[in-house]
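From first to last, the protein sequence lines stand for chains A and B.
Okay, so the first sequence: first residue is 1 according to the numbering used here, each after it adds one.
Okay, so the second sequence: first residue is 1 according to the numbering used here, each after it adds one.
No lab work stands behind these hints, which were simulated from the structure alone.
Bear in mind that the values here come from a model prediction, so they are computed numbers and not experimental data.
Careful: at least some of the hints might be erroneous.
Note: identical chains are not told apart, hence a pair may lie in one copy or across any two.
[As the list claims (entries may be wrong)] Pairs of lysine-lysine residues, derived as BS3-like cross-links and limited to a Cα-Cα distance of at most 25 Å, are as follows:
1. Lys57 <-> Lys315
2. Lys2 <-> Lys129
3. Lys2 <-> Lys276
4. Lys154 <-> Lys19
5. Lys154 <-> Lys180
6. Lys226 <-> Lys43
7. Lys108 <-> Lys89
8. Lys321 <-> Lys226
9. Lys249 <-> Lys209
10. Lys279 <-> Lys315
11. Lys226 <-> Lys108
12. Lys209 <-> Lys105
13. Lys321 <-> Lys355
14. Lys154 <-> Lys122
15. Lys102 <-> Lys226
16. Lys102 <-> Lys279
17. Lys90 <-> Lys180
18. Lys105 <-> Lys226
19. Lys276 <-> Lys57
20. Lys315 <-> Lys43
21. Lys19 <-> Lys2
22. Lys108 <-> Lys209
23. Lys43 <-> Lys3
24. Lys19 <-> Lys260
25. Lys19 <-> Lys3
26. Lys249 <-> Lys102
27. Lys315 <-> Lys120
28. Lys249 <-> Lys355
There are 2 protein chains.
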Amino acid sequence: MKKHNFYAGPSILPEFTIKNTAEAVVNFAGTGLSVMEVSHRSKEFVEVMEKAIALVKELLDVPAGYEVIFVGGGASTQFCTVPYNLLNKKAAYLNTGSWAAKAQKEAKLFGEVIEVASSKDKNYNYIPKGFEVPADVDYLHITSNNTIYGTEIKTDLDLGVRLVADMSSDIFSRPVDISKYDIIYAGAQKNLAPSGVTVAIVKEDALGKVDRAIPTMLDYRTHIDKGSMFNTPPVLPVYAALQTLTWLKDNGGIQAMNKKNVEKATLLYDEIDNNKFFKATVEAQEDRSIMNICFVMNEEYAELEKDFMELATSKGCVGIKGHRSVGGFRASTYNALPRESVEVLVAAMKEFASKH
Amino acid sequence: MKKHNFYAGPSILPEFTIKNTAEAVVNFAGTGLSVMEVSHRSKEFVEVMEKAIALVKELLDVPAGYEVIFVGGGASTQFCTVPYNLLNKKAAYLNTGSWAAKAQKEAKLFGEVIEVASSKDKNYNYIPKGFEVPADVDYLHITSNNTIYGTEIKTDLDLGVRLVADMSSDIFSRPVDISKYDIIYAGAQKNLAPSGVTVAIVKEDALGKVDRAIPTMLDYRTHIDKGSMFNTPPVLPVYAALQTLTWLKDNGGIQAMNKKNVEKATLLYDEIDNNKFFKATVEAQEDRSIMNICFVMNEEYAELEKDFMELATSKGCVGIKGHRSVGGFRASTYNALPRESVEVLVAAMKEFASKH
């Protein structure tokens, strides 16, 4: 039976990426060698890295003055890399979930941290609004999409300070005005590639303004200066990233992807809102993520949660169990998830309602 | 034509690893999903991680009191992680090459660094001996195998201080007495897996002895406490590592591998020493690496370098160009390289000699 992959991350990748990567694991670019065993200095891989960087710039319309880098490891390492590079005295953090809180915790090792707002009071089920950011902070850090709680900041904030965004779970899902940000970083394992690589978009003007010595590998300038080849990059994940970026471009780019994502999310949210057995955990439309759609059983049907999980599983749905801190269900509808998978889940919800 | 992969890293992996990884990229553990798109929390991947850690312990006979972790990124990040975790006041570094020097440079951000010896005077073509290590250093750092220069410390030093070793390019190639070391770390892309993951063997007693706050992701205890699952690990590289570890065990373990490695290296060094056209860059037998065999044209035949490169290439040899800081040739003979590949290279050297 066909599987419908709703995992929150690592998560579904395009068939194009999977097919090409499987081939390259056997024979990469006609070298007769696996992509896992070729030198990162080989001309074939150097071309992969250069193309991947160029495609990120093209797809996201990255303006002059910004550089794109691929670094090994995940976004969690960026939680300390950002303050290492940018925090002189004081930074502002918006607390919209446990990843945002983890980023904030690391910054405290480097200077004063101001939490400008938090939605922890309601288990992070909304995005705080109307908060003020002191004008003298070095930057404001946000987590644009909160994978666990299903909230998303879908507009580009402009609050008069440098803006840093963890876009791990919504990068490439919607158009973004890069010029509003100083640093964007994203672990690859949602909309881009298998885990093991992080992409960062860095405004060069933001760097070199702190006094501290920065470990070489945590200094964004190291990777910018060497075109992401200072040390051995994660070759296979970068190769897979190039496949996904190529697929994105071939399928109309970010605008087209966003249209499909909104359609998929609307389809599912509409069913959640109209099916008396279910309830979305995020109420405000404007705060609802189009990448991670969280819902629970309505209270009077709480005991039926296991039944619905079984039904959905029997239809091929995988990875729809909600995170333990929210409970219920979470359907992640990343770029690569076909509309058909959402239709299968919605049909299961309708079938469930008609049976009970 | 069959390729003989002599790349220094990323480098040749066992056919077993390549075949199983290619299959898992399409269908992982019968899930119907790619290993690139399954949750790291799935029971199938949790089992992969647990088995990989257990096999490292088994193969290297890791004693009680040590933990094995897999972390994202490469060994270069360990250059700052080690002093972050261990350097209180003073550390000793043995300078045997440019990677050793890079490790030493990072340590200077954290305390006093004593270079106990250096072979830089002769372009790192030997391993310094008879040096003294002050008894009051927090640790001595060595690079056990110097990929660029083809030297190797093939015995386990015991100098009365904590010992930290970068074994990126010789881990799993020879038996090691783990109890002599406090930390061993190794980027995976030589004898283990594709690039993007680093394995570390950490003596727990060595940790918690520094006063500074350590960023969460750079704290060994984070990864030990969470079984290498604090954040999303590089799933595919860890899966590939498990395949290589399984292959190692199925092929007699480290002792058997070491025997083959010594045979391969001896075969090639003997030809280099006996063929008047070539010369090994490392003279002392005891310092010669069994993983990276560096040789140049004898001076009177210097102009024939290109000719030999063409001949070797015509026989299917890939990646034998020496590092720019040494020149000439470098044949990396990692675990997965079959004896046949060395025989092809040696035959090319003999053919070259007979033709000129």
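Checked hints:
1. For a Cα distance limit of 25 Å, the shortest separation of Lys57 from Lys315 qualifies neither inside one copy, at 39 Å, nor across copies, at 41 Å.
2. For a Cα distance limit of 25 Å, the shortest separation of Lys2 from Lys129 qualifies neither inside one copy, at 42 Å, nor across copies, at 62 Å.
3. Taking CA atoms no more than 25 Å apart as the test, Lys2 paired with Lys276 passes in neither setting, with 28 Å inside one copy and 63 Å between copies.
4. Proximity of Lys154 and Lys19 under a CA criterion of 25 Å is satisfied in neither setting, with 32 Å inside one chain copy and 42 Å between copies.
5. In the homo-oligomer, the alpha carbons of Lys154 and Lys180 lie at most 25 Å apart inside one protomer (13 Å), although the nearest pairing across protomers, at 54 Å, exceeds that limit.
6. Taking the shortest alpha-carbon separations for Lys226 and Lys43, only the intra-copy value of 15 Å comes in at or below 25 Å, while the best inter-copy value is 39 Å.
7. Taking the closest pair of Cα atoms, Lys108 and Lys89 come within 25 Å of each other both inside a single copy (10 Å) and across two copies (24 Å).
8. With identical chains, the CA atoms of Lys321 and Lys226 are at most 25 Å apart between copies only, with a shortest distance of 21 Å across copies and 42 Å within one.
9. In the homo-oligomer, the alpha carbons of Lys249 and Lys209 never lie at most 25 Å apart, since the shortest distance is 36 Å inside one protomer and 51 Å across protomers.
10. For a Cα distance limit of 25 Å, the shortest separation of Lys279 from Lys315 inside one copy, 21 Å, qualifies, whereas the shortest one across copies, 66 Å, does not.
11. Taking the shortest Cα distances, Lys226 and Lys108 sit within 25 Å of each other only across copies (22 Å), while inside one copy they are farther apart (30 Å).
12. Taking the shortest alpha-carbon separations for Lys209 and Lys105, both the intra-copy value of 22 Å and the inter-copy value of 22 Å come in at or below 25 Å.
13. With identical chains, the CA atoms of Lys321 and Lys355 are at most 25 Å apart within one copy only, with a shortest distance of 21 Å there and 69 Å across copies.
14. For a Cα distance limit of 25 Å, the shortest separation of Lys154 from Lys122 inside one copy, 20 Å, qualifies, whereas the shortest one across copies, 59 Å, does not.
15. In this assembly of identical chains, Lys102 and Lys226 lie within 25 Å of each other by CA distance solely across copies; the values are 16 Å between and 29 Å within a copy.
16. For a Cα distance limit of 25 Å, the shortest separation of Lys102 from Lys279 qualifies neither inside one copy, at 28 Å, nor across copies, at 55 Å.
17. When the C-alpha separation of Lys90 and Lys180 is checked against a cutoff of 25 Å, the pair qualifies only within one copy, where the shortest distance is 20 Å, while the shortest distance between copies is 44 Å.
18. In this assembly of identical chains, the alpha carbons of Lys105 and Lys226 lie at most 25 Å apart only when taken from different copies (18 Å versus 30 Å within one copy).
19. Proximity of Lys276 and Lys57 under a CA criterion of 25 Å is satisfied in neither setting, with 44 Å inside one chain copy and 53 Å between copies.
20. Within a single copy, Lys315 and Lys43 get their C-alpha atoms only as close as 45 Å, which misses the 25 Å cut-off; across copies the closest is 20 Å, which meets it.
21. With identical chains, the CA atoms of Lys19 and Lys2 are at most 25 Å apart both within one copy (16 Å) and between copies (24 Å).
22. In this assembly of identical chains, Lys108 and Lys209 lie within 25 Å of each other by CA distance both inside one copy and across copies; the values are 18 Å within and 21 Å between.
23. When the C-alpha separation of Lys43 and Lys3 is checked against a cutoff of 25 Å, the pair qualifies only between copies, where the shortest distance is 17 Å, while the shortest distance within a copy is 37 Å.
24. Only within a single protomer do Lys19 and Lys260 lie at most 25 Å apart by alpha-carbon distance; the minimum there is 22 Å, versus 36 Å between protomers.
25. For a Cα distance limit of 25 Å, the shortest separation of Lys19 from Lys3 qualifies both inside one copy, at 16 Å, and across copies, at 23 Å.
26. For the homomeric pair Lys249 and Lys102, neither the shortest alpha-carbon distance inside one copy (33 Å) nor that between copies (39 Å) is at most 25 Å.
27. Taking CA atoms no more than 25 Å apart as the test, Lys315 paired with Lys120 passes in neither setting, with 35 Å inside one copy and 65 Å between copies.
28. For the homomeric pair Lys249 and Lys355, neither the shortest alpha-carbon distance inside one copy (43 Å) nor that between copies (53 Å) is at most 25 Å.
In terms of the numbered hints stated before, the structure departs from hints 1, 2, 3, 4, 9, 16, 19, 26, 27, 28, listed from lowest to highest.
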